[in-house]
Amino acid sequence: MHVVFVYICLLALTAFIVLPLGWMVTAALKPDNVPVFTFPPEWFPTEYFNFGTFVDALTQPNEPYGRYALNSLLLASLNIIGAVLSNSLIAFAFARLNFRGKDVLFAIVLATMLLPAPVLLIPQFLLFFNIGWYGTVDGFPAGYLPLIVPAFTGNPFFIFLLRQYMRTIPKDLDEAARIDGASNWTIYWRIILPLSVPALVVVGVFTFLGVWNDFFGPLLYLDDANWFTVPLALAREVTTVGTEWNIVMAATLVAMLPPLIVYAFSQNKLMGGIASVGIRG
Amino acid sequence: MAMQLGDQGARGEQLSEGAVAAPLAAMSGGTPERGAATRSEERTAYIFLAPWFAGFIFFLLIPLGWAVWLSFTDEQLFRSGQFVGFENYARAFTDDPSFYKALQVTLTWIVIAVPLFLISGLLVALLLNQKVRGMGFFRTVLYVPAVLSGVAIAVLWFTLLNSDLGAVNQFLRSIGIEDPPNWFQDPDVALWGVAIMGLWGVGTNAIIYLAGLQNIPPDLYEAAGMDGAGPWQKFRHITLPMLSPTMFFLFIGELTAALVIIGPVIVISGAGGAAGPADSLLFYMLLLYRRGFVEGQMGYAAALAWILTVIGLLLVWVTFKLEKRFVFYQA
Numbered sequence: 001m002h003v004v005f006v007y008i009c010l011l012a013l014t015a016f017i018v019l020p021l022g023w024m025v026t027a028a029l030k031p032d033n034v035p036v037f038t039f040p041p042e043w044f045p046t047e048y049f050n051f052g053t054f055v056d057a058l059t060q061p062n063e064p065y066g067r068y069a070l071n072s073l074l075l076a077s078l079n080i081i082g083a084v085l086s087n088s089l090i091a092f093a094f095a096r097l098n099f100r101g102k103d104v105l106f107a108i109v110l111a112t113m114l115l116p117a118p119v120l121l122i123p124q125f126l127l128f129f130n131i132g133w134y135g136t137v138d139g140f141p142a143g144y145l146p147l148i149v150p151a152f153t154g155n156p157f158f159i160f161l162l163r164q165y166m167r168t169i170p171k172d173l174d175e176a177a178r179i180d181g182a183s184n185w186t187i188y189w190r191i192i193l194p195l196s197v198p199a200l201v202v203v204g205v206f207t208f209l210g211v212w213n214d215f216f217g218p219l220l221y222l223d224d225a226n227w228f229t230v231p232l233a234l235a236r237e238v239t240t241v242g243t244e245w246n247i248v249m250a251a252t253l254v255a256m257l258p259p260l261i262v263y264a265f266s267q268n269k270l271m272g273g274i275a276s277v278g279i280r281g
Numbered sequence: 001m002a003m004q005l006g007d008q009g010a011r012g013e014q015l016s017e018g019a020v021a022a023p024l025a026a027m028s029g030g031t032p033e034r035g036a037a038t039r040s041e042e043r044t045a046y047i048f049l050a051p052w053f054a055g056f057i058f059f060l061l062i063p064l065g066w067a068v069w070l071s072f073t074d075e076q077l078f079r080s081g082q083f084v085g086f087e088n089y090a091r092a093f094t095d096d097p098s099f100y101k102a103l104q105v106t107l108t109w110i111v112i113a114v115p116l117f118l119i120s121g122l123l124v125a126l127l128l129n130q131k132v133r134g135m136g137f138f139r140t141v142l143y144v145p146a147v148l149s150g151v152a153i154a155v156l157w158f159t160l161l162n163s164d165l166g167a168v169n170q171f172l173r174s175i176g177i178e179d180p181p182n183w184f185q186d187p188d189v190a191l192w193g194v195a196i197m198g199l200w201g202v203g204t205n206a207i208i209y210l211a212g213l214q215n216i217p218p219d220l221y222e223a224a225g226m227d228g229a230g231p232w233q234k235f236r237h238i239t240l241p242m243l244s245p246t247m248f249f250l251f252i253g254e255l256t257a258a259l260v261i262i263g264p265v266i267v268i269s270g271a272g273g274a275a276g277p278a279d280s281l282l283f284y285m286l287l288l289y290r291r292g293f294v295e296g297q298m299g300y301a302a303a304l305a306w307i308l309t310v311i312g313l314l315l316v317w318v319t320f321k322l323e324k325r326f327v328f329y330q331a
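Here the protein sequences come in this chain order: R and G. In terms of my numbering, the first sequence has 79 at position 79, counting the first letter as 1, and numbering is strictly consecutive. In terms of my numbering, the second sequence has 40 at position 40, counting the first letter as 1, and numbering is strictly consecutive.
Since the hints were made in silico from the structure, they are not lab data. Any given hint might turn out to be false.
[Unchecked claim] Here chain R is said to cover these stretches of chain G; the calculated rule only asks that three of the stretch's residues, wherever they fall, bring their Cβ under 8 Å from a Cβ of chain R:
id, segment
1, 46-56
2, 60-74
3, 123-133
4, 140-151
5, 287-297
6, 308-321
Cβ atoms here follow ideal geometry from the backbone N, Cα and C, with glycine treated the same way.
Sequences and hints are given; from them, build the entire structure.
Set out below in structure tokens:
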């Protein structure tokens with residue numbers, strides 16, 4: 001009896017999560033001349049399987065979501081490289097090296113998590129705007145720089161996560177390598193970095209999700225549709241008149257699919273990585 | 001190991017001037033000598049930290065100082081400003097009718113969103129903590145919205161909640177509800193539309209609660225069971241106190257998130273910064289965006305940001321004051 005009640009609740013909850021997605025897929029699979037909004041609503045595709053809508057959404061000349069997806073991927077890749085390199089370097093110093101002021105500096109790193117984002121919004125924008133990191137300059141997307149460069153300066157949450165992870169790697173490894181004449185750079189690059197891969201995957205995945213889903217950054221710094229990201233283009237399209245809803249729903253699916261795929265593949269490592277940090281830390 | 005620690009202690013006074021010069025010296029290629037192992041280690045450490053120092057100075061410290069200055073100027077997007085004293089702050093409280101509307105909308109949102117997301121997350125976590133087959137699948141599905149783009153979620157839900165044609169109202173009509181809510185067309189209901197959209201992401205809080213639930217030692221429940229406690233008493237006297245630190249953490253998170261909400265609304269409102277019928281969705285950050293980036297009044301927007309920060313600090317301070325009364329920490 002108890003089990004039946006639990007399953008009823010679970011199924012209701014699952015329906016609440018899945019049915020909106022089902023409606024979206026149904027709408028996206030309809031050809032142009034079929035009404036998207038029906039009475040009663042269709043929660044699952046039964047009649048139409050027109051994959052051409054996706055081709056249209058990806059290639060249509062006025063809103064080419066294929067191009068936007070490549071833009072988003074470019075930003076995400078550069079951010080992942082920046083985040084993995086910078087955060088691992090910084091975390092290595094805090095986890096494995098001795099230097100004066102270490103505890104104070106680490107406290108400052110953690111304290112920066114508490115800085116109020118709204119306050120930084122205006123001056124950061126003006127800073128980038130005034131040095132020309134905005135919009136498009138001679139065909140070069142200068143507005144990408146504020147969306148990429150900060151990733152190369154580390155992020156307090158990732159620094160903390162990686163430092164906790166690196167502290168669990170036995171110190172004997174460093175000592176042995178040091179006796180063999182290895183420099184700190186070699187120890188970082190050859191020993192600690194390869195052993196930190198599970199935590200680095202967590203950093204990479206969170207960075208990907210953050211950048212792919214980011215809307216506010218691109219909204220502030222990009223002005224040329226050629227360089228738009230998927231969320232920015234999607235938000236613009238729904239506010240223009242004469243929207244074709246099957247195309248919009250296909251584009252929404254394009255925006256959702258990469259995070260879903262990443263989630264599907266990294267779920268274990270993601271939860272494992274977070275859990276190990278929590279337990280060992 | 002012991003020797004190394006000893007070295008470090010002696011070196012403390014010896015090298016008080018070297019901190020700034022050290023990174024430069026190391027970059028010019030000074031080879032590490034055995035005796036100066038810790039000194040070279042210190043240089044390396046500062047080089048490793050160089051990216052963080054750069055970001056800290058250029059992207060945090062300078063903007064933070066500038067934000068204070070800006071809020072006392074009439075800076076515009078294309079024109080640098082003059083010092084105007086407290087004029088921006090005075091304007092917010094006396095000469096910008098939208099300011100009070102934005103405060104009212106944001107505080108109403110806090111009153112709706114914080115309890116709603118805290119309680120729904122807890123209920124879902126209790127459900128996900130049941131021992132039945134296939135639970136892994138349900139947990140995975142429930143967390144899906146947490147990884148999706150906020151814009152995509154907003155577009156989807158604004159479509160679903162369209163008052164005439166949206167799937168939600170069509171469904172409500174099909175089960176006999178003649179006059180379903182007009183959601184984003186009705187100023188009295190618009191915030192609840194945003195709340196439903198937020199409920200779709202209930203999995204995020206549920207997973208955090210779930211970790212808290214699984215950390216409660218089972219023998220507490222066994223002991224209570226032997227003393228004759230029923231399910232409700234176990235929940236009230238074991239689960240709730242043991243979860244209260246998690247709840248406190250989530251409370252602070254939801255509170256600050258509710259204060260700075262802007263995302264879903266700016267999607268429908270577009271870059272122009274409109275805010276739903278009768279400004280019913282004029283969140284504080286949307287007003288800040290409108291004044292700063294749409295109208296270009298950077299100085300005034302900076303002042304708005306500081307006012308919001310002070311309100312946020314006050315709310316968090318009150319929360320920490322109440323912590324001792326409501327949060328139970330295991331000895």
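Here is what the structure says about each hint:
Check on the segment 46-56 of chain G: 8 of its residues sit with their Cβ under 8 Å from a Cβ of chain R, so the three-residue criterion for coverage holds. Look at the segment 60-74 of chain G against chain R: 7 of its residues bring a Cβ nearer than 8 Å to a Cβ of that chain, three or more, so the hint holds. Under a criterion of three residues with beta carbons nearer than 8 Å to beta carbons of chain R, the stated coverage of the segment 123-133 of chain G is upheld, 4 such residues being counted. Only when three residues or more bring their CB closer than 8 Å to a CB of chain R does the claim for the segment 140-151 of chain G stand; here the count is 11, and the claim holds.
With 3 residues carrying a beta carbon less than 8 Å from a beta carbon of chain R, the segment 287-297 of chain G meets the three-residue requirement, and the given coverage holds. For the segment 308-321 of chain G, the proposed coverage by chain R is satisfied: 3 residues have a C-beta within less than 8 Å of a C-beta in that chain, meeting the threshold of three.
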